[in-house]
Structure formats: structure tokens, C-alpha cells
Amino acid sequence: MRTRGLWLLAILCAMLPLSGCWDAEELNRRAVVAGIGIDLSPDKKEYRVSYQVIIADEISGKTGRGGTPTMVYSAQGRSIMEATRKVSMLVPRLVSTAHARIVVISEELARQGISDIVDFLDRDSDIRLTAKIFVAKNGARAHDILSGLSAMGKITAYTLAQKTEMTSKEYGANYPVEIDDVIRDILVPNSGPIINGVDILGNVEDVRKQSNLEKTDALGILRMSNIAVFRGARLKGWLTEDESVGLLWVKGKLNKTSIVITPEEQGEITLDVRRSKTSTQVLLKDPEHPVVLVKVTAQLSVREMDSTIDLRDPATLNELEVYVNKEIRKKMKAVVDKAQSLNSDIFCFGQTLERQHPQKWKSLKGQWNELFPKLAVEYHVDSIVRNSQMRDRSFKYDLNKE
Amino acid sequence: MLRHLSRGRSGRQNKSNEQSQITGDLQQMLDRVVAESGHSPDIVIRHIKLGGPVPVPVKAAIVYLNALSNQQMINNFVIKPLMGLEPEKVNAYPTDRLMKYILEDALSLGETSVVKEWTDVMMAVLSGDTVLLVEGSDQGIVSGTAGGEWRAVNEPTSQLVVRGPKDSFVESISTNISLIRRRIKSPDLWLESMKIGSVTHTHVAMMYMKGCADPDLVEEIRQRLKAIRIDGILESAYIEEFIQDKTITPFPTIFNTERPDVAAGNLLEGRVVILVDGTPYTLILPTVFAQFMQSPEDYAQRFDISILMRIIRYICFVILLLGPAVYVALTTFHYEMIPTLLLVSLMAQREGVPFPAFVEAVIMEVVFEILREAGVRMPRAIGQTVSIVGALILGQAVVEAGVITPIMVIVVALTGIASFALPSYNLSIAGRLFRFYFLVLSGLFGFYGITLGLIMLIAHMNSIRSFGVPYLSPFSPFIPQAQKDAILRLPIWMHGWKPLMSSSQQDMKKTGEIKPQGSANSEGGEQTSSNERQKGQNQGSDPESRQGKQEEPNEN
Chain A
1 MRTRGLWLLA ILCAMLPLSG CWDAEELNRR AVVAGIGIDL SPDKKEYRVS
51 YQVIIADEIS GKTGRGGTPT MVYSAQGRSI MEATRKVSML VPRLVSTAHA
101 RIVVISEELA RQGISDIVDF LDRDSDIRLT AKIFVAKNGA RAHDILSGLS
151 AMGKITAYTL AQKTEMTSKE YGANYPVEID DVIRDILVPN SGPIINGVDI
201 LGNVEDVRKQ SNLEKTDALG ILRMSNIAVF RGARLKGWLT EDESVGLLWV
251 KGKLNKTSIV ITPEEQGEIT LDVRRSKTST QVLLKDPEHP VVLVKVTAQL
301 SVREMDSTID LRDPATLNEL EVYVNKEIRK KMKAVVDKAQ SLNSDIFCFG
351 QTLERQHPQK WKSLKGQWNE LFPKLAVEYH VDSIVRNSQM RDRSFKYDLN
401 KE
Chain B
1 MLRHLSRGRS GRQNKSNEQS QITGDLQQML DRVVAESGHS PDIVIRHIKL
51 GGPVPVPVKA AIVYLNALSN QQMINNFVIK PLMGLEPEKV NAYPTDRLMK
101 YILEDALSLG ETSVVKEWTD VMMAVLSGDT VLLVEGSDQG IVSGTAGGEW
151 RAVNEPTSQL VVRGPKDSFV ESISTNISLI RRRIKSPDLW LESMKIGSVT
201 HTHVAMMYMK GCADPDLVEE IRQRLKAIRI DGILESAYIE EFIQDKTITP
251 FPTIFNTERP DVAAGNLLEG RVVILVDGTP YTLILPTVFA QFMQSPEDYA
301 QRFDISILMR IIRYICFVIL LLGPAVYVAL TTFHYEMIPT LLLVSLMAQR
351 EGVPFPAFVE AVIMEVVFEI LREAGVRMPR AIGQTVSIVG ALILGQAVVE
401 AGVITPIMVI VVALTGIASF ALPSYNLSIA GRLFRFYFLV LSGLFGFYGI
451 TLGLIMLIAH MNSIRSFGVP YLSPFSPFIP QAQKDAILRL PIWMHGWKPL
501 MSSSQQDMKK TGEIKPQGSA NSEGGEQTSS NERQKGQNQG SDPESRQGKQ
551 EEPNEN
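Sequence order for the protein chains is A and B.
Its first residue numbered 1, the first sequence is counted upward by one per residue in full-length UniProt numbering.
Its first residue numbered 1, the second sequence is counted upward by one per residue in full-length UniProt numbering.
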């Protein structure tokens, strides 16, 4: 019995070094970070890391003093970690990044390369790989993006993450890019990640003031912007809005978007894409010159038309579909051309080739660098108009008859 | 107190040991009764002259304890016939013949016996029976006139159901036996009785279904009961502590109930029921953990609903064990696991609260235990005040004063409610104890500690045996057939195999020794049951007389 007791005591003692009482931290001693921003310091030599810290008291506490719901603290350092440690000079509590939902990198820094940052984000045990990553566009600093206040949702970082999700569902010019995606894409040869841009609409100084929220027509607002194209770990260029949509078409990430077509003599017709599917195939008729075939099927619904055509007629619908196909092809072609000009295989055509023709890839791997810019891409778009919402003809239909 | 008393008593008994038999000297015997009972005024000695005033009346006396015996019975069935004895016969017969004559022809009582030992005389008197002593005879005649006041059969107070029988055991063991016998009318329902307690001589009865209960189990229980050496038994818990397998565990290994239907149901499942005089709580053994999660209500409601309720009870047990521990672990170790908006709200609450979450949890749990303890012991009228002060004033004030976070109050209240949702009070207090153990572990090591604690808890539960049956029985070892009535409660006609026990000995259908009263076809029996019950109530305390025939009382 006594030896058993001693054993038990020994086991209990063995438990102590295994665990982490040192991990224990009361909630009111933590500064929970909602977003991380990384800029270059003014002298371009150091990192300037900003943390958007949640001030819980101002959000749901009874003892709030009417301050802003978040605060941004930043510090400079030669590495991100050094800057993070220096933040403790400003923040009285333990900076805890497990709830950080966005990481913003300034364009300037992105053009220099982000591999150092990605390593930090990957290595850190607190930061989640599902945090969304952004590039601050149009000269805005990551710090400015984090300083913004938003009317809906008190934590700006989270509203920005929500904006990304919402707009990728509704418009399709962005899709949520997480740290994990970036790590994967950097590793793809002759390719690079694509990262959503974010910029500030309106006055940068106004965005960070609480008075910004006292107007119905906000002076400053954070806006999801177009997609940044990287090659390796460096930012190479920006897509336009149409190219961004085209990118989502090619990658098959599109949920919903709207397409405006102008058939001859019919006025504008707007269609919604309800469902779409993309498949990519690499054809090897000529072994040295692979051809990529992008097949897109889309189901659409007519949402708006300034026209008197009769949508009950299948022939009319077929005509519409031809215009839609053209429009989709145009957008896809635009983005492929742009990517080829930047020589960044953001669609991972190389990987498709590797998957479909592993033997061939071995020989083409070395030349992919030169092959990609000249790669022939064919588009097969097959769209079907599924419905026309509540009406088949426009209210103007009868007017036309008389 | 008890021990002191016993020393006094036993000392006196030793002194009179030299004369343990009844002698023919009536006056001496009566003096001895008076002396040994310390001139108690409640001992009644009624002198009777047998055979009337004719030539030489035979002197006799009856002795009884007026508080414990049924006066009317004594008057009508003992004194009256004794007074009416035929004088010729009284005078003609020698003493031995006279005693036989009185026993066989005069006393119109069902329960009578002849005693020769002096201790039997005293025991009979102290049990409420009437002892007849006759001048010149070395025998005494004991008439069963035990009576006295008992609480009537009422609704159960601690194990309530919405639908189901509404009677509960009382303090009288004979009433309790009758409540069970009324439910199981089978000669296979066997009863053994014995007296335990060197001072209290408490009547303890063991009931089981012959052919259904494992004979080895019955023998084991019999041996353990016989081995008990104690002055007094005042509650069945005394017996429980003597006979249970493992004392060093907070888990109850013997089930107790105040419901006759639960006792009867367990008898049919092959368990043994131990009844103790003086308490409405009977013991049921062997017991497994799953039994504490079952309520008699489960069999009265539809099976699908019962399954849901059982699952909810298991969830409640987990909440009871881990509620505050998980809260402490989450807030102090694993803040990343809390959904962000909840985290913000928690942080805002914790702002300005002086104590760490662990201390906060301990304070609130202790306060809760104090309130519960106060509420339980208070007279009913004051009990309400306690709950108002505790729940409303203290709960609200403590939050408003900023000493405790509101979420902590929610967590503690939730665990409190969860502890009340368990059908068995024993298990819920075991859970309350373990809650502190988990709280400390989580305060030290977070979820890591909780996981270790759970491993140790389950290992411990696996080590417990209740009379040889593993405590986690239908789950570990896993018995597929028994799952029909473990967490699930499939329709009764699907059961067939009786649940929970590990040995197939207990399967009534398989052995076929028992007639169908164990299975579901009770339709025929139910129609007559109401009549039977009325009859039974009129009969009063006769079940006790019946059990006397089956087994000689074993005295300690």
C-alpha cells in the first residue's frame, strides 16, 4: 500500500514538468489580437508590426469609457518576432495572437518578398493557418488598415474577414486566401500565391476616428480590392476587377457573380451565375507544346433586362447563352494573358500537367519557365440559362407588340 | 453514546448469565424482568389466576411493553382466553400439560411459540410480544402481539416519479416485506431474516428470487451479513458500509431505494434486496453504475423518450463532473478554443474581477455547497428563506459587486441543476466530490489535467466491483445484449435478456426456472392486483409471521 502511494506520488510529480502551468494566463491579463499588420519601417530597413488589440470592455463591458473598441499598437524590429517583443513596451498585457483573423502586408513589403513573414506565421504556435491574408493596396499601410473603425461589427479585423467571405460569395472578384494557401502556392514552381488586396476608400485619417461612425455616409471605409499576383514570394502585379473574376472562373472558385451582356439591338441584359464548374485539362497533341483546355459549365438566371425579348423561346435563350459564353471567355482570357505576361502560373497549370501526365512533366519541368508565357489555352464555355426569376417576359413586352 | 450504553447492558447480562434458563419461580422471574429493565414504567406485568378462584388457582403473569404491543390484541386474544380456562383442566393437568393446553387450545393468536431461554423472554418483551409465565413452569409462551405506531405508507419523498406506483417503504420491516410480497406473488420469492446489532437487535431481512439470484451471491451476502459486529443498526447505510466491496471510493456500490417497485423490479432481475427495520431505505445489490442513471419512470414512459432522458442524465453527470473545470481550463489555458465573440464577452466580464478564474470557481462552488447544505438541514419554512437569500440576493449581489463574473454564476448554477437531474442522490454527491478534484486538476494543468483526471477516474471505476460484478458492467466489459437496457431503453418486450448483470445465471428466461412473472405478460395479474392489495392491507402485519416459518431467526 505504501509503495503504491509512493508510486502515485511519483506519477503526480512527473505530471508537473509535462504540463504547462506556465501557460495559464487569466483572461484579464491577455491582450487578444484580432489582426496583424506588417509594414516596412520608414527607413525601409526594419519591419513595423502592428497589432489590432480588442478592448473587450468597450465592446460588451459595463465599465467601458466610450473609447474605441480596438486599439492598434505597433513596434519596429529587424524581425517580426523582435517587433512583437517590443510591443510589450506599449501593451500592459500578454499579446495573444490565437484569435488573429487577418494578416495585412503592405504592398511595398510584398514587392520585397514575404517569405520571412510566411515562415513566422507558419512557425508561430498561436497564429492560425486559417487566418486570412491581405495586401494593403494603393499606398495604404497595413497599420492604416488595422486602424480603421467599422460601423457594423466592432472589431475591424473581423469585419474585414467577413467582407472577404461575403464578397467572394456574392460578386466573385475575391476569394478568401488563408495563410495555408499562401504557403502552398509559394512552393509551386514558376507560380506564386494570389492575395486579396484591401484599400481604404476615402480619407485615411478619417477611417481611424470614431467620428467616422457618426455619419450615415462614412468618409472612410475599408474596401476589398482586386487580387495581387505574386511570383514566388514577391508581388508582381495587380489584376483588374474583370481579371479577378476571370481568375475565379479559371480556378473554379466562383460561387456567384453577375454578367452583363449587350446583344445587338436588345439593350443590356444582366444574368446571375448560380452554379458553375470548371475543369482543366492539359492536351499533349504536340508533346513539346502542351495545350491547356479550360472547360466551364455555368448555370445562369436572368436578373435584369432592358429588353422586350421573349424568354419563353428556347432559341432566344440559346442566343443569350452564346453572348454569355463570349463574356466569360473574355474575362478568362484577360487574366490568363496577364498571368502569362507576369510569368506566374497562378492557375497551377503546371501542377495539372504533372497530375495528368506525370512522365511528361519530368521533361517539361525545367522549361516550364519559358513554356508558360507562350502556353496555348483553349476555353470551352457551356452555359445554360436555368430561370428568369419571377417573370419570363419584361413588363414592356406587350408595349412592343402594339 | 451507543457504545456506552452497550457496555452497561452487556455487563449486566454477564452477571445474570449463571441463570439463563427460566425457572418455575414466578415471582423471581417477574422481579428479574423489572430489575433488568431498570423498573421501566412501560413494562406491564399483569397477574392472572388461571382456572378461576376454584381450589388452588395457578398463578401466572403476562409481561409486555405497553408502547410496542397491540393492547386490544392482548386483551382479546391473550387475557380473555386465559381467564376463561376450564378450572378442572387447569387443576388436573401437570404444569407441562397445562402449558401445552394453553398453547394449543386457549391462545387464539396466529403467532405463538414456547421459549425456555431467559434472553428470549426479554427479547420477546422488547420486540412488543407478550410473554406468559406460569408458576412452576420452566417455559414461557410468547404471543405475537407486536404493534405500536408506525408511519403509514406514503408517497416517496426522495425518489419521485410522475407516472408509477406512489407507495414507498416505511420504517416497519414487516410493512416493507408486505409491499414487496404484494408485487411478487411467487413462492420463489425467498426471505431470510436475522437480527444484527448486539444492542439494538435490529431485524434485517434478505430477499431474493430463488433460481434467479445467483446462489453463490446469496451465500456471500449471507456470510457478510453474519460477520457484522456492531452495537446498533439505525439505518441501512450501516449495513452498506459493512458489506460493500470497496470502501475507499466515492461511488456507491450498493443501490438504495425507498420504492417497493424498484425493489421488486431488481428482485426479478436476480438481485438481492436487504431490508432493515427502522428505515425506509432498502439496499439492492449487486449494483452497477448504469443503475444509478435509471429511474423507475423510464419504464413508465415511452421508450424513445426514456432513451432521450437517459442520455440527458449521462450528459448531466458529465456537466456535473466537468462544468467548472472546463470553464477554468478554457479561460486560463485554452483561450484560443473559445469562439471569439464569446471570448470578448468573457474578457469584458473578467475585467476588474479580482480573483483568478480558478479561485473564483472554488469560491462559488463552496458557496453553492454551503447553500445546499443549509437548505437541506433547515426546517421547511426557513429553507425557502435560505434559497431566496442564497439564490437571489447572494447571486445577484456578488455579480453586481464585481467579485464574481456572471458567467461563473451561470456555470455553477448549471452544474448545480445538473446534479439535481440525476435520479440517484448517492451518485450526485459522488459527482459533487469529483467536481472539486477536476477543478483542481484543471486549475493546475488545463485540459491536460482534466484528461488525466478522466483517465484515472475511469480506471478507478473499472476497478470497482459490487459483489463481483464490474461496476461499469454493461459497458466494460461490453455486453452487447445488455445494451438494450443500459443507456438505451428499448421496448420492454425486446429486453428478454435481463440487463446489467454479467452472469447468465441471472437470466430468468434462459434458465426457465422461473415462471413468467419476470416477463412482460402481467395483464392477468394486474386485474386482480387491486383486490389483492385491499385484502392485504386489512391483514395488517401478517407477513412477518409468515417469514418466521421460513427461516429461524439468527440472533447475534
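No lab work stands behind these hints: they were computed from the structure.
Backbone N, C-alpha and C define an ideal beta-carbon position, used for all residues, glycine too.
Among the hints, a few may not be true.
[Claimed, not checked] Anything over 10 Å on all C-beta distances counts as not near chain A; from chain B, calculated: (1) Val199; (2) Pro250; (3) Ser345; (4) Val362.
[To be verified] Below, a sample of chain A positions facing chain B; criterion: calculated Cβ distance under 8 Å: (5) Ala56; (6) Ser60; (7) Gly232; (8) Asp392.
[As the list claims (entries may be wrong)] Quick list of simulated restraints, FRET-style, between CB atoms: (9) B:Ile312 / A:Asn138: 55 to 63 Å; (10) B:Leu414 / A:Gln356: 30 to 38 Å; (11) A:Pro42 / B:Val440: 47 to 55 Å; (12) B:Gly110 / A:Arg2: 57 to 65 Å; (13) A:Gly67 / B:Phe478: 54 to 62 Å; (14) B:Phe478 / A:Glu165: 40 to 48 Å; (15) B:Val318 / A:Gly366: 23 to 31 Å; (16) B:Glu241 / A:Gly64: 55 to 63 Å; (17) B:Glu369 / A:Leu94: 29 to 37 Å.
Results of checking the hints against the structure:
no. : hint                            : result
1   : Val199                          : 33 Å, holds
2   : Pro250                          : 17 Å, holds
3   : Ser345                          : 5 Å, violated
4   : Val362                          : 14 Å, holds
5   : Ala56                           : 4 Å, holds
6   : Ser60                           : 4 Å, holds
7   : Gly232                          : 31 Å, violated
8   : Asp392                          : 45 Å, violated
9   : B:Ile312 / A:Asn138: 55 to 63 Å : 57 Å, holds
10  : B:Leu414 / A:Gln356: 30 to 38 Å : 56 Å, violated
11  : A:Pro42 / B:Val440: 47 to 55 Å  : 52 Å, holds
12  : B:Gly110 / A:Arg2: 57 to 65 Å   : 59 Å, holds
13  : A:Gly67 / B:Phe478: 54 to 62 Å  : 59 Å, holds
14  : B:Phe478 / A:Glu165: 40 to 48 Å : 45 Å, holds
15  : B:Val318 / A:Gly366: 23 to 31 Å : 60 Å, violated
16  : B:Glu241 / A:Gly64: 55 to 63 Å  : 57 Å, holds
17  : B:Glu369 / A:Leu94: 29 to 37 Å  : 33 Å, holds
The structure fails hints 3, 7, 8, 10, 15 (numbered hints given earlier, in ascending order).
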